[in-house]
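Undergrad: If you read the sequences in order, they're chains A and B. So for the first sequence, numbering that gives the first Met the number 0 puts the first residue at 0; every next one is plus one. So for the second sequence, numbering that gives the first Met the number 0 puts the first residue at 0; every next one is plus one.
Read the hints as simulated data drawn from the structure, not as lab findings. Please note: incorrect hints may appear among the correct ones.
A pair counts as met if it fits within one copy or between any two copies, since identical chains are not told apart.
Stated by the list, open to error - Here are the simulated DMTMM-like cross-link-like pairs (lysine to aspartate or glutamate), alpha carbons at most 25 Å apart as the crow flies:
no.: 1; residue 1: LYS23; residue 2: GLU665
no.: 2; residue 1: LYS664; residue 2: GLU88
no.: 3; residue 1: LYS238; residue 2: ASP343
Protein chains: 2
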Amino acid sequence: MNESELDQLSINTIRFLAVDAVQKANSGHPGMPLDAAPMAYVLWTRYLKHNPADPSWIDRDRFVLSAGHASALLYSLLHLTGYEEMTLEQLERFRQWQSLTPGHPESHLTHCIEATTGPLGQGMGNAVGMAIGEAHLAARYNRPGFTVFDHYTYVLASDGDVMEGVQAEAASLAGHLGLGKLIVLYDSNRVTLSGTTSITFTEDVAARYESYGWHVQRVSDGNDLAAISRALDAARDDKERPSIIIVQTVIGYGAPDKEGTFEAHGNPLGVDEVKKTKADLGWPEQPPFLTPPEALAHFHEVMERGAIAQEAWRRQFAAYREQFSDLADEIERRFAYRLPAGWDASLPEFPADAKGIATRKASEAVLQATAKTVPELVGGSGDLDPSTFTWLKGQGDFESPLRPHDGAQGVVGGDWGYAGRNIHFGVREHAMGAAVNGLVYHGGFIPFGATFLVFSDYMRAAIRLSAIARLRAIWVFTHDSIAVGEDGPTHEPIEQLLALRAIPNMIVLRPGDANETRCAWQVALERTDGPLTLVLTRQNVPTLDRRVYAPADGLRRGAYVLNPEETQPQIILIGTGSEVSLVVGAERVLRQQGVRARVVSMPSWELFAAESAEYQASVLPPAVSARLSVEAGRSIGWERWVGPSGDILSVDRFGASAPGGVVMKEYGFTVENVVARALALLGLSKEEKTS
Amino acid sequence: MNESELDQLSINTIRFLAVDAVQKANSGHPGMPLDAAPMAYVLWTRYLKHNPADPSWIDRDRFVLSAGHASALLYSLLHLTGYEEMTLEQLERFRQWQSLTPGHPESHLTHCIEATTGPLGQGMGNAVGMAIGEAHLAARYNRPGFTVFDHYTYVLASDGDVMEGVQAEAASLAGHLGLGKLIVLYDSNRVTLSGTTSITFTEDVAARYESYGWHVQRVSDGNDLAAISRALDAARDDKERPSIIIVQTVIGYGAPDKEGTFEAHGNPLGVDEVKKTKADLGWPEQPPFLTPPEALAHFHEVMERGAIAQEAWRRQFAAYREQFSDLADEIERRFAYRLPAGWDASLPEFPADAKGIATRKASEAVLQATAKTVPELVGGSGDLDPSTFTWLKGQGDFESPLRPHDGAQGVVGGDWGYAGRNIHFGVREHAMGAAVNGLVYHGGFIPFGATFLVFSDYMRAAIRLSAIARLRAIWVFTHDSIAVGEDGPTHEPIEQLLALRAIPNMIVLRPGDANETRCAWQVALERTDGPLTLVLTRQNVPTLDRRVYAPADGLRRGAYVLNPEETQPQIILIGTGSEVSLVVGAERVLRQQGVRARVVSMPSWELFAAESAEYQASVLPPAVSARLSVEAGRSIGWERWVGPSGDILSVDRFGASAPGGVVMKEYGFTVENVVARALALLGLSKEEKTS
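Please model the complete structure; the sequences and the hints are all you need to start from.
TA: Now the structure itself:
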């Protein structure tokens, strides 16, 4: 068998493993595996630096299947190149209950998968984050003679990926940053779920990517292995620009009655068409899931080369450790997600202060202190640093060394190149979300992304994926209520808090003052098994006197009693975030009126719900049925905490444009109104009580 | 005063009205009004076809301030050109409680405003929708000699707009559709909130828009009125391509210490800088809100020309009516949002059927019938017509007459040009949302946008704006639960139902069978004061026998009793959507076991919450505290309906990839499990009862 025959045999092995898996499941997408198998084959067997025996090798190349619907292609590649986890049985159980081969790749389920994809365009953003990660680690840790970090990030994308807005944002950002080791193979089969792209998509993608500053190449025949290789060589040689290789393919290649049509996209070919396709491509009809020994042996060469490559890297890293033991330790620590010992020893404590500070401002102080001790903390905002206060002072801006920005204005760090830790995402919230996810996927980072709470809507699809994949991402959302004021309803979040709480695996924390904000960041950094959202105020809130009120680390339990000395409360007042100061103020007034109120700060529903029933009952004793929650967000869901006899002070309509204090007052968020609602709940009118 | 002096006086009048408004509010964005006043002046006084005396003239040009933060510029223009609503007092009350001049433009509040903007990029998508609307109405209603519809859609956009993904999607779509009467003035001041665009945004925007097929022009000096005019002339002359005019400006033009810097972007200039700016531009320091009589008189010429233009149009329309009275009536009816008499007389009724059909499929049948009688119903999906079943048969595809697509595959209509009513949005959910909003803003349409429920996340910012602006938009989301099955967690909505219910002004309807789906479409078309979301199944659900169960139009009240003959229930089972059949099935089993269960279908929380307390109590009698809700979505919020002694069968984790029936079973969505949970709630184990 000559080389070319072996190539074809191997490519068809990929193709028919995928086709058979889809057919057996009677569900899935056969079209792209058939057409993209050649480029995937070339990439995986000739270029991709990976060692199937160790999917966690930190300097492996990353491969992202942005077109997650072609999962069967990826599973075939993983199986054939020898990833232990991906057995043939798993391929036979494609899309079945508890298999490692779900309909779209899931990284938390199948460990040799780099990223959970499927929602289109996300993988492009993930890959940009991974490439940022590689560039940063290389800039920070490599030393003359030691390239501890030197890997590419490859993406396989589809027409659908290239239509999505998140992709457009990510590609613009990657071009700006000059991420030369990012290489996208764009499988341009010009067919989507509902027909050919001529119906919807006639732009000049090549020209668009050139406008972003990418290196653009075309391969006119997706079966031309030599052309694909040449393009990959040229892409790898261009270290200054990200590359996209537009590969023209025919969807469902080889399926005689369906190739080139949308019918090959998202449904099994059918028994007859599978038969015909196998016949046309010279493949035995039986058995299914055939892996010819020659092909398998050929694929397994990847394992040998991978083992050799990783061994060489290991030797280099051992030598590196001898010279730079601190750096080597730091690298290992980062990838093991162990925080530095004593990282939070000098976080600021905030003295009691009736005027107080905005929690976004307290967050800034905590963030600065944290950034000094936790180098893996990197992040940025969607062009809002002067408002979110998330710029890490003295940590530099992440920017292309070839395109240092003028640094004359705003919050810019200047001349750090890729070693900078402040990532300026631009007005590109969705790409920010996907790129932050990519940094987590890459490993070695605790990344954050920041914007106004209301604009979490722009990046919600990425946030959801951080929760599905249980990524250690931190979302920082400021300007968290109608108290935003003048900017009006388009900028005032109402339902976002609830909408974020609605995402499974997400922890939402809305700290009530500066010291709770400190604890919130501690919880955020310590969390290992999923994303966490910090919700912060624009406006000042009083810093509680913790000599009077319970310690702020009660936040860790989701809800805690601020005045535990009141053991026989008539009513429980529950506040979150900026509304904690309202319930605290109301308690004081009520006390003067002889009403005994318990005050509870409830920064996190999720953390409190995870506590024992005993603890929950100790905070919210069942015997106290008069309960009032105060939160400048939707009422939905508060019934769970205030119970059937409770009351909910909430915002169930959109906001308004006026000074923040005016809006809060008009919407009932004043101590007076909290007092009045509390008294009404107790059946005491204010007049009765004060008389 | 010569012409040039009058121009400058007028431009400075705009500038300083805006600057004074921001300064008086001590909040807002002075930078863009200063730099964009010249282009806005040229557009509004020389090109924009509008009659300030009648902001509702249907053939006016539309103007969208996509950069909503420059609202003070828009308010100044509206005031100066004579819109009655926009008094000087309103400008003086900029950003104050209950003024018509909120921080960002709000169309539902200020009627002479075309679109609610502020969240960046949305206005671009709205404008694409408006231009689609104009093209469609012109194609449908214009006749030789009668151009009833012939207007432009203008956009003023900022750097931030041009960075957003929704903009990228919208621009690609507009280029594909060849929307020649869409003209964007891009105020390229190269400064955003946090600094210069060199930090984040160095792509070649002109080349990018060329790649989309747009006509791209540059004006190198934003103060060059002649150049702006020439560019607008050329843009208007190009009827085959949308146009973007990239106007280089200096942010905060004229403010000596702040111009060209991010400090001019989002904060008042300050008293001193206002003083200096006025001095530099030769403007009297006092009084503020100065409108020189010469300038005012000049601006008021717009009113005269506008009145003449509208009068000419009125005469033409009267003549049109004589020849085409049916069409004229139809146009008036559409813009008055009156549905055609008897529009729903022949909607399908679905016979009882134990196997049933998917509600997306029932929806398709209702939609086809509706499309025949309601010509203003237009819409499309994000490349999912074969799955959402929202393609209107026989109503043609909306496509550029110059670029008819090949129409060989999928669901395509062919050769209707702009008269087609199926809009193929492509894999561009966010732009779809913004464009659907734009169709409502334009008037004359009841538009819908469709995708999978899980991908509502991609377009959430646009959905929110439909709710803020109370737009009559219909969102159709199919594949509504874990029953999606094989595609796995990335494609299985869990929290989306709750997240949509969380949006104020939104009505979410999740019909339980085919006949409820019919009623749901009736409610959707009849709703006039806000958006409505239809949530539909992928899988079959039984069609209830309405001779046995209550009529499906109970849906109109949000929740209703399916078996009202059971007057003394021990327990209430509440289901929504596909889970209605589970509670119906469980009731049958329980009845056999001697347990009296009431069965409630609750397709809409919002509609039920809007009913009287009496009606609510008639459906959910307070005396019956054993209540079980069954819905394949989050539990949060169900406490409100099941009460403190109730139980909630829900999905509080992400889904899984397996056949849909398997996933439903594993997650507890079976009749058996509903029965078991019901018995447990009543304190009866299944065994006890059946023995």
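Undergrad: Evaluate LYS664 and GLU88 at a C-alpha cut-off of 25 Å and name the case that applies: within, between, both or neither.
TA: For LYS664 and GLU88, the Cα distance is within 25 Å only across copies (24 Å; inside one copy 63 Å).
Undergrad: At most 25 Å between alpha carbons: which applies to LYS238 and ASP343, within, between, both or neither?
TA: Neither: 38 Å inside a copy, 63 Å across copies.
Undergrad: First find the shortest C-alpha distance between LYS23 and GLU665 inside one copy, then the shortest across copies, and answer within, between, both or neither for a cut-off of 25 Å.
TA: So LYS23 and GLU665 pass the 25 Å test across copies only (21 Å; inside, 62 Å).
In summary, the one numbered hint that this structure violates is 3.
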